[in-house]
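Go by the hints and put chain B onto chain A.
One-letter residues, chain by chain:
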Amino acid sequence: MASPVEQFKLKSLVPFELGGVDLSYTTSSLWMTITVVCVTAFLTLSMRGGRLVPGRWQSMAEMSYEFIANMIRENVGAEGRKYFPFIFTLFMFILVGNLVGMIPFAYTFTSQIIVTFAMAATIFIGVTVIGLVRHGLHFFSLFVPSGTPLILAPLLIPIEVISYFVRPVSLSVRLFANMMAGHTMMKVFGGFTVLLGVLGVAPIILLVALTGFEIMVAVLQAYVFTVLTCLYLNDAIHLH
Amino acid sequence: MTVKNFIGVNAVLYFYIALGGAQAATASDASGPKLPQLDIETYASQIFWLIVTFIVLYFLVAKIAMPRIAEVLEGRQERIEDDLDKAETLKKEAYLVKVEYEKALSSAREEAHEATRRAQDEIAKHSAEVEALANQKVANMLKDAEDRIDAARTEASSEKETVTDTLEQNVARDIIGDTVKKLVGINVSPEDVNEAISLTLKGRVR
Numbered sequence: 001m002a003s004p005v006e007q008f009k010l011k012s013l014v015p016f017e018l019g020g021v022d023l024s025y026t027t028s029s030l031w032m033t034i035t036v037v038c039v040t041a042f043l044t045l046s047m048r049g050g051r052l053v054p055g056r057w058q059s060m061a062e063m064s065y066e067f068i069a070n071m072i073r074e075n076v077g078a079e080g081r082k083y084f085p086f087i088f089t090l091f092m093f094i095l096v097g098n099l100v101g102m103i104p105f106a107y108t109f110t111s112q113i114i115v116t117f118a119m120a121a122t123i124f125i126g127v128t129v130i131g132l133v134r135h136g137l138h139f140f141s142l143f144v145p146s147g148t149p150l151i152l153a154p155l156l157i158p159i160e161v162i163s164y165f166v167r168p169v170s171l172s173v174r175l176f177a178n179m180m181a182g183h184t185m186m187k188v189f190g191g192f193t194v195l196l197g198v199l200g201v202a203p204i205i206l207l208v209a210l211t212g213f214e215i216m217v218a219v220l221q222a223y224v225f226t227v228l229t230c231l232y233l234n235d236a237i238h239l240h
Numbered sequence: 001m002t003v004k005n006f007i008g009v010n011a012v013l014y015f016y017i018a019l020g021g022a023q024a025a026t027a028s029d030a031s032g033p034k035l036p037q038l039d040i041e042t043y044a045s046q047i048f049w050l051i052v053t054f055i056v057l058y059f060l061v062a063k064i065a066m067p068r069i070a071e072v073l074e075g076r077q078e079r080i081e082d083d084l085d086k087a088e089t090l091k092k093e094a095y096l097v098k099v100e101y102e103k104a105l106s107s108a109r110e111e112a113h114e115a116t117r118r119a120q121d122e123i124a125k126h127s128a129e130v131e132a133l134a135n136q137k138v139a140n141m142l143k144d145a146e147d148r149i150d151a152a153r154t155e156a157s158s159e160k161e162t163v164t165d166t167l168e169q170n171v172a173r174d175i176i177g178d179t180v181k182k183l184v185g186i187n188v189s190p191e192d193v194n195e196a197i198s199l200t201l202k203g204r205v206r
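Going down the list, the protein sequences come from chains A and B. Each residue of the first sequence is one higher than the one before, starting from 1 at the first, in my numbering. Each residue of the second sequence is one higher than the one before, starting from 1 at the first, in my numbering.
Because the hints were derived from the structure by calculation, they are not lab data. On a predicted model such as this, the values are computed, not experimentally measured, just so you know. Zero decoy hints are in this set.
Covered stretches of chain A (in silico footprint by chain B; criterion: 3 or more residues with CB under 8 Å from a CB of chain B, positions within the stretch not fixed):
(1) 27 to 41
(2) 55 to 65
(3) 82 to 88
(4) 112 to 122
By construction, the Cβ of each residue, glycine as well, lies at the ideal position given by its N, Cα and C atoms.
With the rest of the complex left out, here is chain A (with noise of 0.2 Å):
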């Protein structure tokens, strides 16, 4: 029997290479482009009427859209209006890149440690920039809890810059080890009912209650992502 963890392999699709960096459009890279297309359908397609009284999908895809928007406008606030496509085009991406992740015989490029941590790094990084342009020195103050005592300051700041610094790899890790172990916990169950034949009928109920849990963490996790993306926003533009 295959590996669990086999089904993350990537195949190369289209061998491509660029200044002897392999740069292969492989089976990540096409449901990547999927989701796009999913994506860029739904918000298209669903908002073609235009209708005063939306219908199904015109209602799925405002509630989309104002969902990331009240998030927003909770999380960060007026400010934050600049940075709603970014954060609208992340939380799709996440979002159907999970949940088309979910079709058998998909692959969930979430599940991809360095897709996720490019990503988290990229908002980092981000994060950081805007940070420091916006305040100048003065966002080093977000290492100091306002009203720390300053006999706990030299205990606290270490602890702050650390779990500042940690905040790429706690959001990429969140998002990747949730949809692998999903899919690991999956294939194994889809195993088991290989393995035992008519008795597999009881990892089969038990996997389709699983597909239901996943496509709840799939959408959870899009929306952990994407909030905690707001609350460090909120962090660089308004110092706590």
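Below, chain B alone, put in the same frame as chain A:
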């Protein structure tokens, strides 16, 4: 932030599960790579395509999808506000109409009251006039009747007196004439007696 903590714990848990999976993979297939995700060879390609797809999606979403959604939402918002405004105006109008109606109603009621009072006054005046007139008439009639009665009474009594006087005079004249005749033996006519009496009365008066 409890939610954040929960998510953190959750992530750590999942990470351990994932690591467990990785170890299982190593155990079953000792020679192969541990986790496909840790294969550094694929990183460049993944990052490259992530950047490409994400940027494409960003422009599609930011330049095409979002303005359309914003437009529709704003249109709806405007429409709702418009409708609310209209409703407010209509409500105000309805209120004004109601006030006017109530005013008209109260003025009409007052007018009705006024008309009723006037009619009552007129009726009272008229009936008083009629009564007064009737009273006057009755009084006049009574007075007429009394006058007539009085006149009749006076007439009757004067007539009676005249008759009596005449009778007495005649009787007195006759007696005087008879007496004179008996005493003097001269025939004296009643006219003479009358003349004598009147002469006597004249002389007395004088």
